Amino acid sequence: MKILSPLSKPFEAGPLAEAGATEFYCGIVTKEWEDKFSYIASSNLRHDKVANFSSFKDLSLAVEAGSEHNVPVFCVFNAHFYSEKQMALVLNHVGQAIDAGVSKIIVSDPVFISMLKKQGFKTDIVLSTANPVFNSASLGFFKKFGIQRIVLPRHLTVKEIEGLAKSAKKLGLELEAFVLNALCPYIDGLCTLQHLGKNSDFVEASELACRMPFKTTCSGKACNETGGNSSSLKACVWQNTETTSCGLCALKSFEKAGINSLKIAGRGNSFDKKLADVKMIKHALSLLDLPEEEFKSEMHGLFFKANKQRCDFKYCYYPNKGLL
Amino acid sequence: MEKVLAVENISSLERLFSKEFSRVYFGAETCEQKIPSEVDVKKAIAFCKENNAGFSLMTCFCTDFGLEKLQKLFPLLSEKDELITNDFGVLNEASKYNFKLVVGRLLNRQFRDPRISSFKGKFPEEMINHLSLSQASSPGFRVLLKGFNVSRVEFDNCLQGIGTSLKGTCFSGSIYSPIVFVAATRMCLLANSSKLSSFKKVGIFPCSKECLGKSFRLDSKDFSKQLLLIGNGLFFENKKLPSQKELEQKGIDRVVTNTSLMQSE
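One line per chain: the protein sequences are C and D, in this order.
The first sequence begins at 6 in the working numbering and counts up one residue at a time.
The second sequence begins at 561 in the working numbering and counts up one residue at a time.
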């Protein structure tokens, strides 16, 4: 299985590749885009500068550094949709990204996929998790658009992923699954909360609206049933949580199911965090031959070592595999 | 303007239907655990026939588990019935039948965050205009939907307004009122929320449909609107519907009343 690492600065590519990354993904929001549409209507789903390249020159340098280690770079253009006014500029940016050496384009909008084909871009296309594929019929639907790979939604069980992997294999589609960081409380492709904080300023990813402190009130006749007092508390479960999530316990199942690539979320993370994440997965993959329970125990240890906290549901991508 | 009642189950249908509604949306929009049974869909169709109302089956995004349940319901629909789809896989499968297809509000991407309404004056006008658009603004999206014989596209009543017009296209529009969709999860916080032992258990687990008896109201000083956690969906309420003239100018000829979402069973 490949290790897909986030990238946001050219200098990161070499050391991350040396540490074990076998694929990179990144986004780009240029000054021209920012002036016309602002970061709020970003050309990808990261609305913060720290997560994106700002020039094609930097992107080109990153691709060059990656290619020295035979590690390809993919570029994300996964806004939920592009307006007619945005379309010309985003197509221009795709052209420049391909010229810079990017080998796959990650997209969400099916109209945009058709436009890429119509414009004659010769590039592999990956369907972003921003257009969530939960069933085999959706795999078939997007296969017709000429997609090569699909990034699975975060909100699937390992069992559901295994089922989709069987269908994907029949269709000749590659699958990518999340294994580290940013376990969104809501389904990425169905979440329309802007990544903004107070006064509409751009904020760090840890202050996302879904993790803000809310005063919660339970409403309805069942609030007073047994355990009802815990109901309101349960609605606070995501508040102030870190985004250091993990799905490493599922790696053995993913390998067996034929998952092609393991995705590390966190384009906006520091270089040190990105490096630690790649090393962590590389190490985890070296332990795949261990028996299931021993492997699980090792993965729990890796999580504790990295985050100084025990595994918990709110940090766990695949609790049926990792915690139960 | 056609008035439609959206409900998830038979008891809500019987309780909330009145003669002002000429159509019923029946079924779950965001949760495959709440896809109605064949028996209930038959009952709802019979109810609509008796009350001279049109019938539309509401469907949600779903895994293969949910899709299998939906596939048993498709043959129950006749040519004059509608299916509201919120999943491209469901659209793909449903297009094999001859009932009418409607693209639901979850498939027509919009910027729904209630905080967007406060952006006016703070950001360039072009960007503000962009945030009132939807995927249905795109001619390419309309071509895609036409290929599936979709006849109607649905909208949420976002606070910043609707910048898309379907006037002059082959599609009619619907608007949902008063509950606006914001986000959905499969890590449902209401699932098993009555069990103290499950307090910290978050993930995708079988549930006892605890959402039928409760919801959460979420307040924050950063949100001018109270958020509503109803089942596995996050919503807010917007009671202010655009005028009939405004709606007609945008090609919207149907209002879907979804107050039943807020009324716990």
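Mixed in with the good hints there might be a few duds.
[As the list claims (entries may be wrong)] Derived lysine-lysine pairs resembling DSS-like cross-links, with alpha carbons at most 25 Å apart: (1) C:Lys226 with D:Lys680; (2) D:Lys603 with D:Lys760; (3) C:Lys164 with C:Lys319; (4) C:Lys171 with D:Lys632; (5) C:Lys7 with C:Lys41; (6) D:Lys603 with C:Lys36; (7) D:Lys603 with C:Lys220; (8) D:Lys680 with D:Lys603.
None of these hints come from the bench; they were simulated from the model.
In this text, all values refer to a predicted model and were calculated from it rather than measured experimentally.
Verification of the supplied hints:
no. : hint                   : result
1   : C:Lys226 with D:Lys680 : 40 Å, violated
2   : D:Lys603 with D:Lys760 : 38 Å, violated
3   : C:Lys164 with C:Lys319 : 19 Å, holds
4   : C:Lys171 with D:Lys632 : 23 Å, holds
5   : C:Lys7 with C:Lys41    : 37 Å, violated
6   : D:Lys603 with C:Lys36  : 58 Å, violated
7   : D:Lys603 with C:Lys220 : 40 Å, violated
8   : D:Lys680 with D:Lys603 : 47 Å, violated
Hints 1, 2, 5, 6, 7, 8, counting from the list given before, are not met by this structure.
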